[in-house]
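With these hints in hand, go ahead and build the complete structure from the sequences.
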Amino acid sequence: MMKALAVVPGKCRGCQRCVLHCSFYHNKTHAPSKARIYVVRRDADGRVVNTPVICVQCGLCMNACPVPGAMRRNKAGAVVVDEEKCTGCGLCVMACPYGVIQIDATTGKAFKCDLCGGSPVCVEHCPFDALVYVELEKAAQLRRMSTAMVVVRHE
Amino acid sequence: MSEWFGFVGKVLRVDLSKGTVKKEPLNREYAKMFLGGVGYAARILWDELKPGIDPLSPENKLIFATGPLTGTLCPGSGSFSACFKSPLTNVWGESRCGGDWGPELKFAGYDFLILEGKAEKPVYLWICDENVEIRSADHLVGKTVPETETTVKKEVGDYECKVVSIGPAAEKLVRFACIMSDYDRAAGRCGGGTVMASKNVKAIAVRGHGEIPVARPEEFLEAVEDAERAALEHPDRSWFMEGTVAFMEFIDNTGDLPTRYALTNHWGKSKKVYEELKEKFITAYSACFGCPLGCGIHTEAKMGKWGAPMCGGPEYETAAGFTAASLCEDVEALLRANYLCNIYGMDTISCSQVIAFAIECRERGWIRDELLDGVDLRWGNAEAVVEMVEKIARREGLGDILAEGVRRAAKIIGKGAEELALHVKGLEMPYHDPRVAKTGALQYGTANRGMCHVHPHETYDVVHTPSFAETLVPYGLPKPPIDGYMEKGMGRITALVQDAGMTTEILGLCKFLVWAGLSLKRRAAILSAAVGWDVSDVELLKIAERVTNLQRCFNVREGVRRKDDMIPKRLREMPAYGPFSKKEAAIMDYEGMLDEYYDVRGWDRKTGIPKREKLEELGLKDVADQLGV
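Heads up: the sequence lines are chains W and F, in that order. With numbering that gives the first Met the number 0, the residue at position 136 of the first sequence is 135, and numbering never jumps. With numbering that gives the first Met the number 0, the residue at position 27 of the second sequence is 26, and numbering never jumps.
Calculated from the structure, these hints are not laboratory results. Since we're looking at a predicted model, the values are computed, not measured. Backbone N, C-alpha and C fix where the C-beta goes; we use that ideal spot for every residue, glycine too. Take these hints with a grain of salt, some might be off.
[Unchecked claim] Lysine-lysine pairs mimicking PhoX-like chemistry, simulated, CA-CA at most 25 Å apart: (1) F:K487 <-> F:K568; (2) F:K581 <-> F:K487; (3) W:K33 <-> F:K9; (4) W:K33 <-> F:K153.
[What the hints assert, rightly or not] Short derived list, chain F residues pointing at chain W, Cβ under 7 Å: (5) Y158; (6) Y182; (7) I211; (8) A283; (9) C290; (10) G293.
[Stated by the list, open to error] Computed Cβ-Cβ distance ranges for the label pairs, DEER-style: (11) W:K10 <-> F:E2: 33 to 43 Å; (12) F:P234 <-> W:I102: 41 to 51 Å; (13) F:P234 <-> W:E134: 29 to 39 Å; (14) F:P234 <-> W:M0: 31 to 41 Å; (15) W:R46 <-> F:E224: 28 to 38 Å.
Here you go:
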């Protein structure tokens, strides 16, 4: 059964343990700037936000990638970067509406969420149950909720 | 260059007088002897400060200190401590702050930031990894904390950077001004913000893209996951998740809530205050970096006569200070006072204490009416309390006197005010009552930063929370329950609990995790895997003892002696009324307790000075030599 990552609105307290675990899993070190999940604490005017920003694996980055085979979907349905082929051109970064794919300053390659191959460590370690990895129907429902809350906030 | 793990290996030193920036390697010998945080920082201040200097002169230094576990996966790693000579007490000053700023400093590549000298004009610092800029802050003068932080973030063009700043109270040199971080978190006590203002530094923005590597990643992760599970499964976690203010009813009911300027220790109205707060005003919860407890609350009072825009807190201490201490029941007034302290950047403990003190002084006829500017200071008048907060921040009228802190204010007011003033070493009393847990009395008397409930540790809590006491039984604590009225044996207990608590401060951790499964063994295991040299739980306690002694020596060099470890008369007497007003709640033999504490510490009974044997045993021979003991 395919699953997807989703944010449970209103649960996150901004601790960033997901960010730390993500970078520790992928890089064996604490490096938030290389994490593939993001936590926004405040908006630009200082209001409390506290929410994770995740990759929804929409594939817009893959569509934008000009290098054949540099991006593909893994078994978990995540869009992953082939570091050998990636040229670091940045078109994927340009295409991503969520700001969750970036070019690694040291390697010069794109990096993004790979769902840890199917068992995301961010979900496993979130102390506040703000992140879930659930069947598609449930994930879609949670995403509708998140989207609606963004709309409400802006109105 | 040698490699560092846990620590990132660099000290950033900014000389504000010269406008120069230096990056120095971390001293490995010191790091092993004192670890980080208030330990390593104590060594820097011991080495570099001349005794007797004016804390508000350019000769003072302000250190922003992280520890080897700050910014790591160790639960509760979102801390930094500000260390300095305090303008409130003239002795060792330290104040811990949560949020995200400490970790960010490490990701930028620095374990410590030392500010020295004084900038000619107001400045702010912008630290982005290797790049350090000293920028003009002329346009930020007089701005509140939120205005400052938002403006700085916009100017540096990175809304994800982290900022510490000072507010207008610090600029007015209110002696208990805070260093504020992430809008409403505070290194609150001892006047660190005042020192920062004296150096003409309005804010420090930090952004780091680097990493904190650990020596043994697999072992580290295993130790972290063990501690994580312990925290998540801990029965008290749900309590922390409600915010510290949720403790107020328990504290009240156990006689731990100083009420009416500590005339007694039970108020009886905390339940009502908390329930109203929770039902009507809490709007969000927030965690510090890396914390699985997430005890931060945000409140907002939209309507009513006060109005308080959304901001962090109130914490328990703030809530107790602006209600029970002055007998005020108005929750909106509490929120307003909390909000004002946040935006002006003032310590809510000291601020609420000097106001309660002033109420009692006025009741006794010691304050002239013309000083009051029409503010009707009396018990239970919440409106007057809020007005006084503003007056203190602006140093107007009586506020100008209270802004000096209770010790100096009492001297100015005269009459019986000096005997009434509740402080030790010049630091105002926080909101835990030592009469029902006499370990708390010794903690208040001997804590190096003055009358503090939490640094090095909440010693009174071995009485109130048996599950916490249980964690220290392997190190010699008697099996709980511990009789809080007992006096004999409290010296040994206090010293042990202090040292155990000190370990969090030198690792760069929040203390609350200690209540949620982060045992000494777990701390030692995580530390060892992080730094790559093995430190056992018992060795960790020894390092903590060394740090306590070094800070004590710093204080001795500034003139602290046995008399300065006395606690105020009111707290040695039986609570004046209420259910805990009984004979055993008086402290019969504080001097005897102090003798026992000194004996355990290896300090001279007559003077309170650490003995040479003790200092040598701790590897502090050079300190003993310099001190001439």
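Hints, one by one, checked against the model:
1. F:K487 <-> F:K568: Roughly 20 Å between the alpha carbons, so the hint for K487 (chain F) and K568 (chain F) holds.
2. F:K581 <-> F:K487: holds, 19 Å
3. W:K33 <-> F:K9: holds, 21 Å
4. W:K33 <-> F:K153: holds, 24 Å
5. Y158: Given a least distance of 5 Å, the restraint on Y158 (chain F) holds.
6. Y182: holds, 6 Å
7. I211: I211 (chain F) check passes; min Cβ-Cβ to chain W is 4 Å, inside 7 Å.
8. A283: holds, 5 Å
9. C290: holds, 5 Å
10. G293: holds, 4 Å
11. W:K10 <-> F:E2: 33 to 43 Å: The hint (33 to 43 Å, Cβ to Cβ) holds, given that K10 (chain W) and E2 (chain F) are roughly 39 Å apart.
12. F:P234 <-> W:I102: 41 to 51 Å: The hint (41 to 51 Å, Cβ to Cβ) holds, given that P234 (chain F) and I102 (chain W) are roughly 46 Å apart.
13. F:P234 <-> W:E134: 29 to 39 Å: Because 32 Å falls inside the window, the suggested range holds.
14. F:P234 <-> W:M0: 31 to 41 Å: holds, 35 Å
15. W:R46 <-> F:E224: 28 to 38 Å: holds, 34 Å
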